Structure formats: structure tokens, C-alpha cells
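Model the full structure from these sequences, guided by the hints.
Number of protein chains: 2
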Amino acid sequence: MSNELSSKGQAAKDAARVLAKLDSKTKNRALETIADTILARQDVILAANEQDISAGRANGLSEALLDRLLLTPARLESMANDVRAIANLPDPIGQQFDSRRLPNGLDLSKRRIPVGVIGVIYESRPNVTIDISTLCLKSGNAAVLRGGREAIHSNTALAQTVQAGLEAAGLPTGCVQLIESTDRALVKDMLRANGLIDMIIPRGGAALHKFAIENASVPVITGGLGICHIYVDKVVNMEKIVPIVVNSKVQRPSVCNALDTLLVHKDVAKAVLPPVADALAEHKVEIRAEPRALEILNGHAVVTTAGAEDFDTEFMALIMAVKVVDSLDEAIDHIYAHSTTHTDAILTEDYSAAQKFIDEVNSSAVMVNASTRFNDGGQFGLGAEVAISTQPLHARGPMGLTELTTYKWVVLGRGQIRG
Amino acid sequence: MSNELSSKGQAAKDAARVLAKLDSKTKNRALETIADTILARQDVILAANEQDISAGRANGLSEALLDRLLLTPARLESMANDVRAIANLPDPIGQQFDSRRLPNGLDLSKRRIPVGVIGVIYESRPNVTIDISTLCLKSGNAAVLRGGREAIHSNTALAQTVQAGLEAAGLPTGCVQLIESTDRALVKDMLRANGLIDMIIPRGGAALHKFAIENASVPVITGGLGICHIYVDKVVNMEKIVPIVVNSKVQRPSVCNALDTLLVHKDVAKAVLPPVADALAEHKVEIRAEPRALEILNGHAVVTTAGAEDFDTEFMALIMAVKVVDSLDEAIDHIYAHSTTHTDAILTEDYSAAQKFIDEVNSSAVMVNASTRFNDGGQFGLGAEVAISTQPLHARGPMGLTELTTYKWVVLGRGQIRG
Numbered sequence: 191m192s193n194e195l196s197s198k199g200q201a202a203k204d205a206a207r208v209l210a211k212l213d214s215k216t217k218n219r220a221l222e223t224i225a226d227t228i229l230a231r232q233d234v235i236l237a238a239n240e241q242d243i244s245a246g247r248a249n250g251l252s253e254a255l256l257d258r259l260l261l262t263p264a265r266l267e268s269m270a271n272d273v274r275a276i277a278n279l280p281d282p283i284g285q286q287f288d289s290r291r292l293p294n295g296l297d298l299s300k301r302r303i304p305v306g307v308i309g310v311i312y313e314s315r316p317n318v319t320i321d322i323s324t325l326c327l328k329s330g331n332a333a334v335l336r337g338g339r340e341a342i343h344s345n346t347a348l349a350q351t352v353q354a355g356l357e358a359a360g361l362p363t364g365c366v367q368l369i370e371s372t373d374r375a376l377v378k379d380m381l382r383a384n385g386l387i388d389m390i391i392p393r394g395g396a397a398l399h400k401f402a403i404e405n406a407s408v409p410v411i412t413g414g415l416g417i418c419h420i421y422v423d424k425v426v427n428m429e430k431i432v433p434i435v436v437n438s439k440v441q442r443p444s445v446c447n448a449l450d451t452l453l454v455h456k457d458v459a460k461a462v463l464p465p466v467a468d469a470l471a472e473h474k475v476e477i478r479a480e481p482r483a484l485e486i487l488n489g490h491a492v493v494t495t496a497g498a499e500d501f502d503t504e505f506m507a508l509i510m511a512v513k514v515v516d517s518l519d520e521a522i523d524h525i526y527a528h529s530t531t532h533t534d535a536i537l538t539e540d541y542s543a544a545q546k547f548i549d550e551v552n553s554s555a556v557m558v559n560a561s562t563r564f565n566d567g568g569q570f571g572l573g574a575e576v577a578i579s580t581q582p583l584h585a586r587g588p589m590g591l592t593e594l595t596t597y598k599w600v601v602l603g604r605g606q607i608r609g
Numbered sequence: 191m192s193n194e195l196s197s198k199g200q201a202a203k204d205a206a207r208v209l210a211k212l213d214s215k216t217k218n219r220a221l222e223t224i225a226d227t228i229l230a231r232q233d234v235i236l237a238a239n240e241q242d243i244s245a246g247r248a249n250g251l252s253e254a255l256l257d258r259l260l261l262t263p264a265r266l267e268s269m270a271n272d273v274r275a276i277a278n279l280p281d282p283i284g285q286q287f288d289s290r291r292l293p294n295g296l297d298l299s300k301r302r303i304p305v306g307v308i309g310v311i312y313e314s315r316p317n318v319t320i321d322i323s324t325l326c327l328k329s330g331n332a333a334v335l336r337g338g339r340e341a342i343h344s345n346t347a348l349a350q351t352v353q354a355g356l357e358a359a360g361l362p363t364g365c366v367q368l369i370e371s372t373d374r375a376l377v378k379d380m381l382r383a384n385g386l387i388d389m390i391i392p393r394g395g396a397a398l399h400k401f402a403i404e405n406a407s408v409p410v411i412t413g414g415l416g417i418c419h420i421y422v423d424k425v426v427n428m429e430k431i432v433p434i435v436v437n438s439k440v441q442r443p444s445v446c447n448a449l450d451t452l453l454v455h456k457d458v459a460k461a462v463l464p465p466v467a468d469a470l471a472e473h474k475v476e477i478r479a480e481p482r483a484l485e486i487l488n489g490h491a492v493v494t495t496a497g498a499e500d501f502d503t504e505f506m507a508l509i510m511a512v513k514v515v516d517s518l519d520e521a522i523d524h525i526y527a528h529s530t531t532h533t534d535a536i537l538t539e540d541y542s543a544a545q546k547f548i549d550e551v552n553s554s555a556v557m558v559n560a561s562t563r564f565n566d567g568g569q570f571g572l573g574a575e576v577a578i579s580t581q582p583l584h585a586r587g588p589m590g591l592t593e594l595t596t597y598k599w600v601v602l603g604r605g606q607i608r609g
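Chains A and B, in that order, are what the protein sequence lines are.
Residue 191 is where the first sequence starts when you use our numbering, and the numbers rise one by one after that.
Residue 191 is where the second sequence starts when you use our numbering, and the numbers rise one by one after that.
Hints are computed from structural coordinates only; laboratory data are not their basis.
Predicted model only: the values in this text are computed from it and were never measured.
Honestly, I wouldn't trust all of these hints.
Taking lysine-lysine and the BS3-like style, the derived pairs with C-alpha atoms no more than 30 Å apart in a straight line are [as the list claims (entries may be wrong)]: (1) K378(A) / K400(B); (2) K424(B) / K211(A); (3) K546(A) / K460(B).
Computed footprint of chain A on chain B; a stretch qualifies when at least three of its residues, placed anywhere within it, have a C-beta under 8 Å from a C-beta of chain A [claimed, not checked]: (4) 206 to 212; (5) 333 to 343; (6) 395 to 407; (7) 418 to 425; (8) 457 to 469; (9) 557 to 569; (10) 594 to 600.
Glycine included, each C-beta is placed from N, C-alpha and C at the ideal position.
Below you can see the structure in the form of C-alpha cells.
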């Protein structure tokens, strides 16, 4: 393990013990101080960001990536506001639940506590540095951050800003530790830093998640990859279908909860597919259709023949695969075979079909007559989102502050011994 | 991956999809059938067990290990009763919680679902085969089991019994799959069987847990190792202290929630240690004391000088380490440095000391004035125990049926799209 990781990991671990004891008031005051510090240090942050932008331009980063990297006074203002919003969220730490009195008189409760040290490995967006630092702080966790190489100056300036805020609020700067080395080996070291890091959240593409799963000995929250389905059942309300499919596909095509595959029951395929395709064509969506769908859509829009791999692709773009199915069961089987268990929806007016779909599809979010775009911490009212988990352990779907906690059992006795 | 693991893993995965849809009635009927089948096949099971016992004797297994391995008609009867007790527990699957209506009218709930396929790697006790199979069945999970080599005949007969019961109840035998190869490489393959196994529970000693952490790419629940502390604070009630310390240490010394280290405040060490040592001496407990404690205990019992490693040892035997501390803070620091975060208790009549201990010690169970032996699924009223987790993710402390589940978000819309 590198010196940087072991010393920063230890600083985070030490800070985590302090953080776990803080009351909400102290944490919220620190968050407000961090928000103030972001604005106060605006010039330093923007100058650092300018270095990343210049380097990015020199290295030929796309305009889209440069835009993700770019910080502006308005974006910093919005960051500071987000930090204040986190201060205003309820603090999950200390909540007691599942309380009961046992027959022998022991009083038993579960009490929420922080996880400890959370390692986050992320890519180009520098706002993640602030997001994660402050969500961890609010939930009493220390954070070890490893951002993308192309945002290193911005991330360093932002992490220093957070640390300045922490210091001003009288908290240890160990609460937020940014790994500054851009050596790729550090990522693997973080994934195996048992004893220093308690949980790893990779925030990035499929390759990063796969690397984390294969290499981590620290528990990892995986997710992010969303091959999302909408199945249009045979009893349909056309007024709902077109808006929901269009919204799911085009409202923000580059994110994980955007629609990838549309499945349509054969009885309604001729009625449903042409208007859906026409509406999507207005948004320049390319449709990749298997033969039965292709036949119906012939001449209607930008339609090409779907290859087998199109049903296993997260497009992240204005592309959608389409398939006609014979039954609800076939739709569920298709989803079972191809879904990444992120978000899958049924559009139907048939009560039993809706119940069956909800019962049998076990994705992180299963929806009836709603846009897949709703699977999101903000939309679900969590107030914040750390990640979207598609794995079964610990948390599933959007993770907010509560999902950054664990619990201990508190046992209040009066001298009881076991018989 | 071996053929055995890939074919049995796939059978389990297919069965898991069927299991996830079953109602409680069907699962309970299958459990009752399994209980009946255990009794009906008693002769076959006992004959298989006899093979393991003979082999064990030939291989020089200790009497204690042979006893753990041994099945008798009475033990099978008790196993069958345990299975019926599991049938009578509430079914966690399908429970909805955190339900709310969002401002846009979406109805949102979390719904409990099974994890999927649970891999369990365990050591000599053949009853684990029945325990885990039936707890998994009740919670809608398929199980892939890998028991100890020395119990292979017993485990095979028990797994076949479960499968016979499943078949008689009309359920796929894939629900419970026993790996029969005793090749050690299979353990590593199981730990990396992503896509077939969703969660691994190692049930065994520290070496097994360490191996699992280092080698698994499938999420692992770790725990089991318990270096447990009792701290006797300066305001004491001697009538509670002796019974609790004795019970924690001697009631069943070979298990993870047994007491390992006794910390005593310096102000009461002279009053507390001698009667505690005398009471423990009656149970033939060896005390390993650091110098200050040793001085007080001189002549009182079987006392030896504690080495540094004694404070990092899970004794699993009638041995206890003892240390005198200057303050509650020193006790908490000691626990922070040496605890495996399994079970730690304070004995005190001082309200503020009790609260501080509970606030600052973040072990899976933190107790006041009670025996450490209570950290147990049965004692906590969970009805059953799959494992005791000491890691922060997913579940902590005793894990019952609910801890074998995850959840999905169910979103009931009326045509909503995201703005």
C-alpha cells in the first residue's frame, strides 16, 4: 500500500471515531461553514479548475467531458446551496428502531451509526468531491476520495476547501481525505484497504464496477449500470404510453435510468409502435428493432435491425432497442435474461398483469405506468443520492444518507444472565 | 469453475426464481414435509453419519469434534422440531415498508424480496445443512452448501433428505444444492461465482473468514470472531458483577459471544477482582492478568501473567484476560483497539458512564449490565440465527430471516413523467 493511502486512510479512520460521536448541530454547523468556504475560496477553485480545463483541451477531451469538468461561479453557488440543503436534511445517526423488551426484561434496540470510512472512486465530475464529502460528514462517516486524473486540480482545490471548512468548524481535516496521486495502482490499493476503509462506492462506468468487484476485499456497493426496460402490455392507454416512453428515453439519455429496451405485446404492437416511433423520431432517437418490430415500423422512423447485442447494451444515447413479445411471461423472461436489475417498468391498464410484473421482476425499482427516469434519490424524496445500487446487499436502488449507515444492537440490562 | 459448481449453481439460480414467487403457505408446507422426511429417513441419515464417525475416529478427531459430528435419533428429532419452528416464524418476504406518496402522486414502497442464491461454507456440524437449507427456503432463497470434509456423508444424506422433502412438496430440488466434492479449490470457486451466487456466508473460524475476505468477489458476510469485553466501571453493584462475568465467561466458553477480556476501573479493582476470580476459579477458569491486576489477584486463583497477545485472542476456552484501567476513556480506547466489534458490555450503576459507553462503543451489540452471551438470534427473539455479522454492511449482529432478504422499490404510477 502506498504511503499516501496508508497515512490518509489512518487519518480518516481516526477522524471517523470523532465524527461518529458528533451531534447533528455540530455537523450542520460544519456543513454551513463548508458552504461559506466554497464561496469564499471561489477564486482559488476556479483557477485550479482552469488548469484542468486547459489540460483537458490540450489532451483532446470532448466538449461534453469538458462541460462535465467545468466549474463556474454559478456552479459553485449551486454546490454551496446543495451543501446547505444537506445540512437541512434529517440526520439518520442515533435513530433507534426495532425496539422491544425481551421476556427476560432486557431492553433491546437497534441504533443507527455511521459505517466508518467510506472510499469513493469516481470519474471526471468535480462536484462529486463536494457531494460525497458532505453526505459522508452529515452521516458521520469519514471519506477517502479518489477522483479522476483529468479533474485533479479541481478536486484538490475542492477537498482543501472542505478541509478548510472543517478546520474552521473545529473538526479534524481527516474527515475528508483526497488521494492526490493519479497512479492507477492506488485504486486497487483502496479496494484492498481492509482495516482502513469500511465500504467502497465506485461511481463510474461498467469497467470501473467490474474492476472493483474483481479486485476488492473491502465491501463494494455496485450499481450504476442500467439496461432498463419498458414492457407495453396488451391492455393499453395510448395517452400514457407515448409520453412515458419518450420521457424515459429522451429526458436525459446519458444516465443509468434512461430507457434502453422497449418490449411490446404482439396484440398491440401495430397500434403502439408507430406512434411511439414517430414521437421518438422528433427527438432523433434511433430505433433498433428485431424482425417483427422492424416489419411494423418499416418507413416510420430511423429504424435499423437490432443485433443480439443491442438487447444487452446500456446505450447512454438516443438509441432504443425494440422487441415484440407474445406474452407477459415472455416479457418477464426477457427482462430476467437481459436486465441489469436497475429499473424496469410495465405500462398496462390490466390489474393482474401489473401485479404479476411487480411480483416477478426483482429489479431495484419496478414501476407501473411511470417513467423509468424516476429511479433517483432526489425524485424518491431521499434528499440526496450517493449512488444507485443494483446489488442485493446492504441497500438497493437510490442510496441516501440512511444507506450510509449501519446499526448496533443496544442492550439495556438489569443484571440479566443467560440460563 | 468446476462442473459441479457451475451445474449446481445454475440449478440453484433457476430454483431461486421459482422460490421468490412462492407464498408462505407453500413454503411452510414444504418445511413440514422436510421435517417429516428427516424422521422418515432417519435410518439412512444415521447410517451415513456412522460412516463419518468411523472415519473421524480413524483420523483421530478429538472427542469434542466427534460429538459435534454425531447424529442420534434424539438430535434428528430436535432437528425436525427446529424445521417446524421455522415454518411457524413470520415470513419476511413481501413485507412493504417505508411507503409514501410522492408530491407528483407516485405511490412508492420498499418491498422485501429474497437475496437470491446464498452460498454457505461451513465446518463440521451437520445440523448446519438442515438449518441453512430451511432458513433459506423460508426466506425464499436457494442455497449452495459446502460443508466440511469430515461430515460429507452426513451432509449428503441430509441434503438428499431436504431434496426429497422439496420434491414431495412439489418444489425444485435445485432450492438446496450440496457441493459434494471435498476439493478445497471449490471454496475459492464459490467465493468467485458472481452471477450464480449472490451472497456468501462463511460459518467457521477466523481463518475461513480471512480466506473469504481475501478471495471473494461475491459479497461476503463476515463475523463469527468475537473478542468480547466487559468493563467494570467505578460505580458498581457487586451482586450483579460476579454473576454476569461468570455467566459471560463460563456458560458456554467455546462460542463467539463468550467473554475474553475483563477491564476493571482502578478504583474498584481491589474490591471486584478477588471475588470475580474466586467465582471463576470454581469453574476452573485460568486468568491471564496484566501487572496491576496480577498484583491484586496474587494468591487468589489460577492466575498467570498476560502477554500482549492475550488481549487480541478469542480464547474459546476457560481462559480470561484481565486488565486494570484508569478511566472509562481508557476502557473505551482499549476496546477500540482490541475488540472485533462483536459484543462489548459495561457493568455500572452510573447513568452517564453507561450512556457514554453505549454512545462510543460501536460493536454489533453494546450492553449495559447484562451477560455478553445474550448476543444471539434466539436470545434476541429473531427465532433463528443464520450468522452473527461483525461487519458494517447489510446486517450486524445476529442475522435471522429478515437479514436474508433485500428489497425492491415498487413504484405505482398513473402516467407520471419526469419534468
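Now for the hints, and whether the structure bears them out:
1. In summary, the hint linking K378(A) to K400(B) is supported, as the alpha carbons are separated by about 18 Å, within the 30 Å threshold.
2. Taken as a hint, the K424(B) and K211(A) pair is honoured in the structure, with Cα atoms around 23 Å apart against an allowance of 30 Å.
3. With a C-alpha separation of about 68 Å, the suggested pair K546(A) and K460(B) falls outside the 30 Å cut-off, and the hint is violated.
4. With 3 residues bearing a CB less than 8 Å from a CB of chain A, the segment 206 to 212 of chain B meets the requirement of three and the coverage assertion stands.
5. Proximity of the segment 333 to 343 of chain B to chain A, defined as three or more residues with a beta carbon under 8 Å from a beta carbon of that chain, is not established by the 0 residues found.
6. Counting residues of the segment 395 to 407 of chain B whose beta carbon lies closer than 8 Å to any beta carbon of chain A gives 4, which meets the minimum of three for the stated coverage.
7. Interface restraint, the segment 418 to 425 of chain B with chain A: violated (0 residues with C-beta to C-beta distance below 8 Å; minimum three).
8. With a cut-off of 8 Å between beta carbons, the segment 457 to 469 of chain B has 0 residues touching chain A; three or more are needed, and the interface restraint is violated.
9. With 9 residues bearing a CB less than 8 Å from a CB of chain A, the segment 557 to 569 of chain B meets the requirement of three and the coverage assertion stands.
10. By the rule of at least three residues with a Cβ nearer than 8 Å to a Cβ of chain A, the coverage given for the segment 594 to 600 of chain B holds, with 5 such residues.
In this structure, the hints that do not hold are numbers 3, 5, 7 and 8, in rising order.
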